[in-house]
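Going down the list, the sequences are from chains A, B and C.
Taking numbering that gives the first Met the number 0, the leading residue of the first sequence gets 0, the next gets one more, and so forth.
Taking numbering that gives the first Met the number 0, the leading residue of the second sequence gets 0, the next gets one more, and so forth.
Taking numbering that gives the first Met the number 0, the leading residue of the third sequence gets 0, the next gets one more, and so forth.
Calculated directly from the structure, the hints in this document are not laboratory data.
Since we're looking at a predicted model, the values are computed, not measured.
Only true hints are included.
For each label pair, taking beta carbons as the anchor points, the in silico distance ranges come out as:
(1) B:421 - C:122: 52 to 60 Å
(2) B:525 - C:46: 24 to 32 Å
(3) B:61 - C:210: 32 to 40 Å
(4) B:61 - C:220: 40 to 48 Å
(5) C:122 - A:50: 37 to 45 Å
(6) A:184 - C:59: 46 to 54 Å
(7) C:46 - B:488: 32 to 40 Å
(8) B:531 - C:74: 31 to 39 Å
(9) B:20 - C:46: 53 to 61 Å
(10) A:146 - B:228: 20 to 28 Å
(11) C:220 - A:172: 50 to 58 Å
(12) B:294 - C:95: 37 to 45 Å
(13) A:172 - C:89: 52 to 60 Å
(14) C:74 - A:83: 52 to 60 Å
Positions of the beta carbon are idealized from the N, C-alpha and C atoms, including for glycine.
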Amino acid sequence: MATSDIQVAEHALQHHFADMEQQRETSTFGMWMFLLTEIMFFGGLFCAYLVYRASYYTAFVEGSQKMNIWLGATNTAVLICSSLTMALGVRAAQMAKPKLMIALLLVTILFGLGFLGIKAVEYHEHWVNHEFPGPNFHFETGDPEHPATDAQHTEIYFSLYWAMTGLHALHMIIGVGLVLWIVLAGLRGAFTPHYYNPVENVGLYWHFVDLVWIYLFPLLYLISKKHGG
Amino acid sequence: MATAVQTVERENYLNANYGIKSWLLTTDHKRIAMLYLISITAMFWIGGFFAMMIRLELLTPAGDLVSSDTYNKLFTMHGIVMVFFFLIPSVPAVLGNFLIPLMVGAKDLAFPRVNLLSWYLYMAGGITALTAMVMGGVDTGWTFYTPFSTTYSNTHVIGAAVGIFIAGFSSILTGLNFIITIHRMRAPGMTWRRLPLFCWSNYAAALIMVLGTPVIAITLLLVAFERAFHIGVFNPQLGGDPLLFQHLFWFYSHPAVYIMILPGMGVISEIVTCFSRKRVFGYEFVALASIAIAVLGFLVWAHHMFVAGISVYAALVFSLLSYLVAIPSAVKVFNWTATMYKGSIRYNTPMLYAFGFIGLFTVGGLTGVFLASLGIDVHVTDTYFVVAHFHYVMVGGMVMAYMAGLHFWWPKMSGRMYPEGWAKLSALLVFVGFNTTFFPQFILGYMGSPRRYHAYPPEFQVLNVLSTAGSSILAVGYVLPMIYFLWSLRYGEPAPPNPWNAVGLEWMTSSPPPTHNFDETPVVTWEAYDYENQPQEEVTIGH
Amino acid sequence: MWKNFPLFPERASALAWQVDGLYFLLVAVSAFFTLLIFALIFFFAVKYRRSVHPHPVQIEGSLPLELAWTLIPLGISMVFFAWGSLIYFQEARPPKDAMEVYAVAKQWMWKFEYEGGQRDINQLHLPVGRDVKMIMSSQDVIHSFYVPAFRIKADVLPGRFTTTWFRPTKAGTYHLFCAEYCGTDHSGMIGQVIVMEPAAYQAWMSGGSSTGTLAANGQQLFQELGCSTCHRFDTQGRGPNLTGVFGRPVLLEDGRTVVADENYLRESILSPGAKIVSGFKPIMPTFQGQVSEENLMALVAYVKSLAQPQGKAAGGNEAAAQGTSNTQ
Chain A
0 MATSDIQVAE HALQHHFADM EQQRETSTFG MWMFLLTEIM FFGGLFCAYL VYRASYYTAF
60 VEGSQKMNIW LGATNTAVLI CSSLTMALGV RAAQMAKPKL MIALLLVTIL FGLGFLGIKA
120 VEYHEHWVNH EFPGPNFHFE TGDPEHPATD AQHTEIYFSL YWAMTGLHAL HMIIGVGLVL
180 WIVLAGLRGA FTPHYYNPVE NVGLYWHFVD LVWIYLFPLL YLISKKHGG
Chain B
0 MATAVQTVER ENYLNANYGI KSWLLTTDHK RIAMLYLISI TAMFWIGGFF AMMIRLELLT
60 PAGDLVSSDT YNKLFTMHGI VMVFFFLIPS VPAVLGNFLI PLMVGAKDLA FPRVNLLSWY
120 LYMAGGITAL TAMVMGGVDT GWTFYTPFST TYSNTHVIGA AVGIFIAGFS SILTGLNFII
180 TIHRMRAPGM TWRRLPLFCW SNYAAALIMV LGTPVIAITL LLVAFERAFH IGVFNPQLGG
240 DPLLFQHLFW FYSHPAVYIM ILPGMGVISE IVTCFSRKRV FGYEFVALAS IAIAVLGFLV
300 WAHHMFVAGI SVYAALVFSL LSYLVAIPSA VKVFNWTATM YKGSIRYNTP MLYAFGFIGL
360 FTVGGLTGVF LASLGIDVHV TDTYFVVAHF HYVMVGGMVM AYMAGLHFWW PKMSGRMYPE
420 GWAKLSALLV FVGFNTTFFP QFILGYMGSP RRYHAYPPEF QVLNVLSTAG SSILAVGYVL
480 PMIYFLWSLR YGEPAPPNPW NAVGLEWMTS SPPPTHNFDE TPVVTWEAYD YENQPQEEVT
540 IGH
Chain C
0 MWKNFPLFPE RASALAWQVD GLYFLLVAVS AFFTLLIFAL IFFFAVKYRR SVHPHPVQIE
60 GSLPLELAWT LIPLGISMVF FAWGSLIYFQ EARPPKDAME VYAVAKQWMW KFEYEGGQRD
120 INQLHLPVGR DVKMIMSSQD VIHSFYVPAF RIKADVLPGR FTTTWFRPTK AGTYHLFCAE
180 YCGTDHSGMI GQVIVMEPAA YQAWMSGGSS TGTLAANGQQ LFQELGCSTC HRFDTQGRGP
240 NLTGVFGRPV LLEDGRTVVA DENYLRESIL SPGAKIVSGF KPIMPTFQGQ VSEENLMALV
300 AYVKSLAQPQ GKAAGGNEAA AQGTSNTQ
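Input sequences plus hints: build the corresponding full structure.
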């Protein structure tokens, strides 16, 4: 055996760590570092959003009025609930209740899929309304009294909308996959109160992805209800 | 000549097991370092080939060797390969990967499987980018400036961007692994103040990898989206701002030069102390200078944009901060020089490269001060002055440090000694060839010769010929080590555990080290570079 | 300097001396430090070589020394910073009475248009001793206007105007380079800056074909595109009255105030919805794709001419000013 990971008893202590404590701290620290890089990753998009929102405020207001606030708000609620079940799931793992953990994580997965479904409905709506940037882009406020003042820059709003929510949705898909992996490992009885790092770390990731949405929702959906211009 | 290694070779990470699978699925940081060494060496020669083509084209003022489109692809691919696939991974992924666990007294990096994943990502990114190049190439310059890259270029921009995007994650994972390892995996007694400076400087570089790389990733992703779906984030025709691209690009790509140079500085700190047999002068200052460079490095990106149309006041702030980032670099140079004072100096090849590094990095750094100065920058930015400046830092600095490090730790990595005489010759060739190649470019730059020109006015020819002549000397200087390193694998003298009589935990295990690095976890009770208490024995290997 | 092997660029602008002065100082200081480091390394390496100095003397470090080599370089570099910034500030502030030349960059060509309406391609004719302000934009990708003999460079961007200025001091022909990589024929996007004595310049200017001053062309476009139906020169128009707008602050509908500079005028033509003037409705259609860069410059030149006091005797502006008073 070279240095592949030797499973030590039921504790899954990897060979290069001195003890479980070191292994646990290390992996949690690693997850936090990873989330830091994720913040920077989304940060580039948020930065672009803020720059353009400041320059083309009216266009952004008009774009945001095309958002279905109810679907967005529902999705926000769904994600908050999923964070709750995720947190309870981690707690269950810690308390040595593997069945409860699996149940809670399955609910989390359902919430995640629900979010993605609702998001898909929204995407479909935007798509048929030509609110996808590119040659087919076409924007009208829908109100003949107030024609679009700055449709050209509203396209930038939609570019950012698709990029930011799309990237977030991709993270959700990965998140659902990770939770599923934990559930499968849980069914095999891989976790004990001494060893549940993976559950904890996937939980951290899930909360992070939720948190990104908590910022995306007001920034993209709730810019201003007043008609700009 | 050490005798311990004459008998049956003890088991080490190289002979622990055999077969292609034992390498491709390894999680041993030393083997992954070797995988990286092979891959980035290949990348170095690919990038070097492009460089030679560029220099040959520039022998004559007319664009006669290759077409202008080909030339544009050549300098673009030279930049992409050298920056993203050679310089950024070079010292961290090869020497850092190999040495950081050894230096802190750990059995492996914190996440061995993540480490292997990072090599696969590097390979996937490299193959994607190379495929784009083979299929027709990219002609945007390694900087991918919009709207040229998003709208006007009709080459394989998406392929190259995706390749860099993937390789970026390799860099993030390596950085993450280093940070966690240095925080959590240190052996008992290995306090932060006893940490070798190589670890400090890799730690600082890792911070930049972790915090900066995601930004370039998202930026290049947006470029790819913009080409594929015609979204308009950087397209001025849709009201997008091409300067936003430049801000996001340089937010990573300026700190990226510190990813490249900081680990090199760490190598030099190890070598100068070893061959002077002295504690490093001002340990805390050298260590903190690394961190200061990493932090300040994040605040100077817009000095690439002084003529790009940013506000005068922004330019002023970025100019000031650019001066500040030069100070810690100067502090390091002075400290290395002072380390040699009253030392006991030996001229082995690593030390010769280190001399070269200090001198050339000083020139590179000081010409950076020219560029930080707003009034001068307006004249010389985007000319050969800039080309010369960053090659002095990247090649004169980083590649010199990488070569120094390879020679220094080659006995540890391979278990063999390299031939000292040939190595000294190559160090000399590299130094002479490098200066002949790039010093004329400073003069060209101040005369106003713009960079990325396929053809140039005839009055610039003499200096260009000089530069091309120098580059052929440089090429020989790089081919030599390639040959004798390979030769030494078979015919080199077996290396003792500590051929340089150096301090540092990596020298306290056998050469090459066993798979688990140390037979028992070392306990550190001495300060870093404790040459005072290291017995003074004359080692005659290689003389 | 040798004709075929020069080592230093010509100096042909008022600013070139300042840039070179700072450059020489930087070279001197850099040479000093480089030689110092090289000399120390050489000296230590020889003096303390193993064979004559086998026992090193351990030194931990020295706070005074560390402070010295932190603070002294810092102090020196602040001098460079201040001097460099002074030069940059001058470059950023064109004199008020500078003659204006409009430049359009495209792959791979420079097009210049003078105030009198004369046009040039890849050649820029200038008189000695006059301040010249370049107002530039690009039709496609980013280019950069670079005249080494003037020590001046400014990127030329699509979608906005950038400016730079200089005062040629020596007659002659100088290189004009595109310094920002712009595609296939980047290295062919070169031209000449031809600086002439004032008399020769006058002769050249009157010899060139001109279809009326830039501002007059702009005025004609202003009529043809129908701008004048809304932007009337009284308070009855559906759009703001443009008289005297240039260079003044404008109050916007959302409460912000912007100064009406060249870029503001440009944005208002191409993206009229982006900044609505207070008290007006966003009814203006966009002219994106309908006005070429040259016509845009003519329009801007016209609106600028509306802001100038009557009787400013700057070449072609007279006609424009006259046109204005007729309309009014």
